[in-house]
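First to last, the protein sequences are chains A and B. Each residue of the first sequence is one higher than the one before, counting from 1 in the numbering used here. Each residue of the second sequence is one higher than the one before, counting from 1 in the numbering used here.
Just so you know, not all the hints are guaranteed correct.
In silico SDA-like links for lysine to any residue, alpha-carbon gap of 25 Å or less [said to hold, decoys possible]:
1) A/K553 with B/R462
2) A/K115 with A/G12
3) A/K555 with B/L532
4) A/K553 with B/Y391
5) A/K458 with B/R462
6) B/K458 with A/E515
7) B/K424 with B/L532
None of these hints come from the bench; they were simulated from the model.
Number of protein chains: 2
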Amino acid sequence: MKLWEISTSECGGDAEGIMRRGNIFQIANGYMGYRGTLDEFGSEQLVGITLAGIFDRVGDAWREPVNAPNGGYTSVTIDGVELSALSETDVEHTQSLNFANAAFQRETRFLSGDKAVTLKSSRFLSADTPNLGVIRFSIRCDAATEVMIRTGIDGDIWDLNGPHLPKLAYEKRGDVLVTYGSTHESSKGVAVAEALECGFGEDAHEICEQKNLRVIHFSAKAGKTYSFDKYFAVVTDNDAFETPVDQAAIDIVERAKVRGYMACLAKHDDVWAGKWAESDVVIEGDDEAQLALRYSILQLLMVAPVKSSSNSIPARALSGQVYKGAIFWDTELFMYPFFLHTNPEVAVELLRYRIRTLDGARRKAMTEGPGYRGAFYAWESQETGDDACSYFNVGDPITGRDLRTHFRDKQVHISGDVAIAMWKYFLHTGDDSLLLEGGAEVILECARFYFSYAYFKKDKARYEILDVIGPDEYHERVNNNAFTSQVARETFVVALAAVEHLRLKHPSQLDVLLERLEIARELIDFAEAAELLYVPEPDAETGVIEQFEGYFKLKMTTPAELKERLVHPNEYLGAGQGLAVPTQVIKQADVVMMLNLFKNRYSAAIKRANWEYYEPRTEHGSSLSACAYAMVALEFGNLDFAYRYFLKTAKIDLEAKSKLYAGTIFIGGSHPAANGGAWMTAVFGFGGVNAEDGRLSIHPRLYEKWNRLQFPLNYQGDRFVITITHEVVTITAPSTNSRTHLVNVAGDVVQCEADATLSVPLVSLCK
Amino acid sequence: MKLWEISTSECGGDAEGIMRRGNIFQIANGYMGYRGTLDEFGSEQLVGITLAGIFDRVGDAWREPVNAPNGGYTSVTIDGVELSALSETDVEHTQSLNFANAAFQRETRFLSGDKAVTLKSSRFLSADTPNLGVIRFSIRCDAATEVMIRTGIDGDIWDLNGPHLPKLAYEKRGDVLVTYGSTHESSKGVAVAEALECGFGEDAHEICEQKNLRVIHFSAKAGKTYSFDKYFAVVTDNDAFETPVDQAAIDIVERAKVRGYMACLAKHDDVWAGKWAESDVVIEGDDEAQLALRYSILQLLMVAPVKSSSNSIPARALSGQVYKGAIFWDTELFMYPFFLHTNPEVAVELLRYRIRTLDGARRKAMTEGPGYRGAFYAWESQETGDDACSYFNVGDPITGRDLRTHFRDKQVHISGDVAIAMWKYFLHTGDDSLLLEGGAEVILECARFYFSYAYFKKDKARYEILDVIGPDEYHERVNNNAFTSQVARETFVVALAAVEHLRLKHPSQLDVLLERLEIARELIDFAEAAELLYVPEPDAETGVIEQFEGYFKLKMTTPAELKERLVHPNEYLGAGQGLAVPTQVIKQADVVMMLNLFKNRYSAAIKRANWEYYEPRTEHGSSLSACAYAMVALEFGNLDFAYRYFLKTAKIDLEAKSKLYAGTIFIGGSHPAANGGAWMTAVFGFGGVNAEDGRLSIHPRLYEKWNRLQFPLNYQGDRFVITITHEVVTITAPSTNSRTHLVNVAGDVVQCEADATLSVPLVSLCK
């Protein structure tokens, strides 16, 4: 079994297959994603080059990221017949994705009449030049044949709610094709340039049906391979080049062409080698798990934001425009830990995105509620931080009407998720510079928001967080949701800790900040709320924590039973009158999510009790659910279950079998949160790494059939490679580490010096 | 035009006609209601004898009042053909209702073959003997004919969710028929006895298809009238006779038969003459309004609870089992004022019902919410005060599913409605005995409930009432609903006032009460809440009060526009996803209802501003709505509108054109709240009577075409007859009045002595 590559021989024109392969074989470089479609595909085959951080809205439709014109377009015609892998007759096809450098390859052999033609291409999105894509294309005919190649930029773009670039210009300047236009909403320029290195044939320029093309005719000799290289660049006004976007794109492809294909690839591969060195997880003895986890890590590495972009990662990453290309809590809770412990520079970018969009969160607080103050982060956040989420975010397939949902106005845990992540960066890296850069301001404004949201219950002498949606979105507008209340309380704690830290280390900067925010006299409120905010406790008898007030009174049933009562297969189970609403069926981990997020606060017995209570009630209708259950299962020793849900999570995008609709809304695409969840389950779960309480600890719970689990880990600015077998934990610290660390390995505290390898035998604690 | 009677010549078997006539021509005596059906009708024609205060539940169906077997059944067969007014051929029919004594008459002439037969009957439910019904039946044939009469008790009962008396016994004891059984749920005995006074024919006993019958054969002579009298009695275990229900019923009919028809009628008529003397409203110059208002008053007089029953009046009175026979806030807000100012003894009964069911309200508080205390009165209250309302109280005709509604758990204004009514009794009658009987306890427990429900908003330094449904049920779970918050705040005010009164007048009884309720130290909470509970204020610019937090942000549209978008005609507009939910369309008066209930707190300008804002947004989908708008319109001088909505309200049951379904739920029947609303609009509205601030005032706003408006009024235990013309207000006080009253008449304060008539000319104030 290949452990660094996936491939398929499937092709053909069935819509679902095209959708699936487009997802599975996508490549990305943080700047843009390129779906795993073939060179000759067009908008009907869902070719998508989705750009990070640039959004547009057409009319009343959903605001979504802009897709760029396809600079990778090439089609081949022999004897007047255009070759397409979609024609299912007489085609032999393979396409593959190389994990090592995120390169996409295809090889297709066509029998057209009595002639056989083989097309190959390989493409990558440059890891060192974010705007650049590079393709090597070749053609070989078994017999002498007249060939026409049409290659260039296809402006006919797949959009969910477009077109976003309504008036494209198609030009050829010198040897470079350039197609450019500007967005509908705010006239942001977007340009795609293409340069070709081609040593054969005659070249004519053609503009046809939104395609800006070169037409190359030549007579192919039998058995000879004809090869050319394509360089395309996407540039938008967001990039702030000194020249206009069209010229900037032209400059990039001209420079790349001068450098040449092999040099571009070499630089790209170098960057990728570094990425893998920082993050690869080795699972020995279980190829299926190894491949799936590595694929998951690949996905995260591909979509990590470009350095200094202050961009974040949307819930469907760069696989398309689903969920409006918006950033959700998924990023902080599921993707961020991976970067925090492998490449903190990327983690910083994700947090900078929240700092950059703080004003949007302030605007949301001001406009959303009566008297809300501080930062109410958007449920679906785009480039400004204003909320892209509609109040009617799910369609009802029975009536065709849009359902009122409260994701936008009531899912308030997002602010706390951001604040906690912000603080965690300091805790886990020891670097407080981000706090000074705006991180502390974010935290304080989130605390301010919760104080303005909270109510005091006088006869119970406590604050309560009312009227929210927790992670389980099927139950809207609930009171005292354990997850949300814990996150809110933690936000107050974190705010006070941040102030305390700055008071000690950066007192004058703190004073300036408190003054500017006019927040000094609110700190006493935060302190009271940190103490008196009510978070539901485990039941004294059963240990079960009530998900929200009144949950235990709801009807007990199972997801399977509910689904039998569906009138329409895509019927939404929540939104006020959905089938799950009056029942205990939940969409995804909620209490269990809290137990995972605050795992050091609850005993294994409480985790088990809640896990056993909630698991049968959970639909796992979100990709965030299974890995939370897997991690908590590991905390009390249910390794078999954990393994099953780990695999389910790690394979989610590899298999691409997830549901494609919520109500009437298309939700297909990739699942970077699950990718991050798979990594967390491997490292924090099976690996037993816990860095929550100011010291690294490793309590491995290695799955039986795994011989070895090995991964690099970044903690407090130093690096480690941790190797776990059933007998021993080995920690290797490079010479670059700054100091000796105390690490708790399965109960023993050991000293881990720089430039040393340490082995701690496992006796009976680990099975 | 007759002003004390309605009649129709309609008959025939169309289902809607039978339903309508059954409603319009019903009679009642507080103990039971008898729908306006004909002697020969059965359960398919919706014959219903609905009993007050006895309820039953079958399986999982709705709990509802018990219908008694029909002791009024008679059918006539001539020459083997059974006569029925349902056969639409050759029938001349009249049926009428006499307002003066609530008697129902029918006269039907049948042509059967070549023979003509005339049946007449007249029935009344005794106003002095609550269990008793009396019928005089006659038959006259134009030609000599063989006649068979089958008369007795029909046990085949119309039920919405029955059968409630599953195993009936059918007996004849001596000359009396008796049919009896017991309820499904709690085996409460229900018996119906029938005695006959018949001077002709042969009598045989027959039990056939749940009918317990006498069969009378005789040869009728041409032109001779044969007449008999029927006495039937209904007795249940609720009545607490010393003998079993069957024997008690037998005793009643035997005594009635000895007394005889004319004597029974004379006593009945006496009682009715007294009722009308206390309550009739004369409108001279407008027969349509006169008839409709008198019919409305008749309805209220008929369903007033039996003395010492501690029963109240259900939302559909005794017209059937709709709305589970439950008592809603309708009673306190719409029916109670009529009785309070015409017959306070009945008003007391309505309040005693709330005292009797206080424990049910306590149970509801304990079970419904987290930490609720005190009295949370039931949204739909039956005999115990436990809530009959389901959490799924509306059916969705599109999916056939029951919709989650929050009437039961969130429509919390009911407790305040009760507490305010309780206090108003003391204010308007000067009688504090009810406070000592349990009234003060009710008020204190309602205040306790609101304190346990309220939250304190620290950064706004105020209490808020969150998560409620106001009168407008289309918008569920709203915060700071002006109506509800005002009612809650008033409850605290009233509680403190009641304590203050008892402290002055009955200090030792107060101490005992406070001790028993362990509530003394909560009074300081009540005082704080009375001061700091937030009630939305009129907007400084527009004067409009926001119905609830966020209402102004909802989409502006009209009820008519919404209705164009219905997929199903019976689709419910509320319940989370109904068409009205995201819009400003409201079901019924809400802010305007508040302005009416607390009318002395708002200026005419504020009333006008809100009226003009909300009226176009109001569906008037409840019978409580139109009269509230009419009364507020009068406050700022829109008499034409007020008159239109007054007539609409007064005619609601006379025309019986109201909607019959809410979602999938049948809601047909009478509207006693609208009947009370019509009276209030006449007396408080056009009459301008205002007794809210400790002194009677009369600011008439007589409608142009009315020459004279005259009504009796009870205030502070004394009586007045008030006559209003366009020129003068005349107040007559009988010699029995206890003292001289100061009355404000159109701005002049006059002294109104006992045994005197006072005339105050109206100059320019009244047009």
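Hint-by-hint comparison with the structure:
A hinted pair counts as satisfied when its Cα atoms are at most 25 Å apart, and A/K553 with B/R462 does not qualify at roughly 31 Å. A C-alpha spacing of about 20 Å is found between A/K115 and A/G12, which places the hinted pair at or below 25 Å, so the restraint holds. At most 25 Å may separate the alpha-carbon atoms for a hinted pair to count; A/K555 and B/L532 exceed this at roughly 38 Å. Between A/K553 and B/Y391 the alpha-carbon distance is near 12 Å, which keeps this suggested pair within the 25 Å criterion.
A hinted pair counts as satisfied when its Cα atoms are at most 25 Å apart, and A/K458 with B/R462 qualifies at roughly 11 Å. A C-alpha spacing of about 22 Å is found between B/K458 and A/E515, which places the hinted pair at or below 25 Å, so the restraint holds. Under the criterion of a C-alpha separation no larger than 25 Å, the hint pairing B/K424 with B/L532 is consistent with the structure, at around 23 Å.
Checked against the numbered hints listed earlier, the structure breaks hints 1, 3; every other hint is satisfied.
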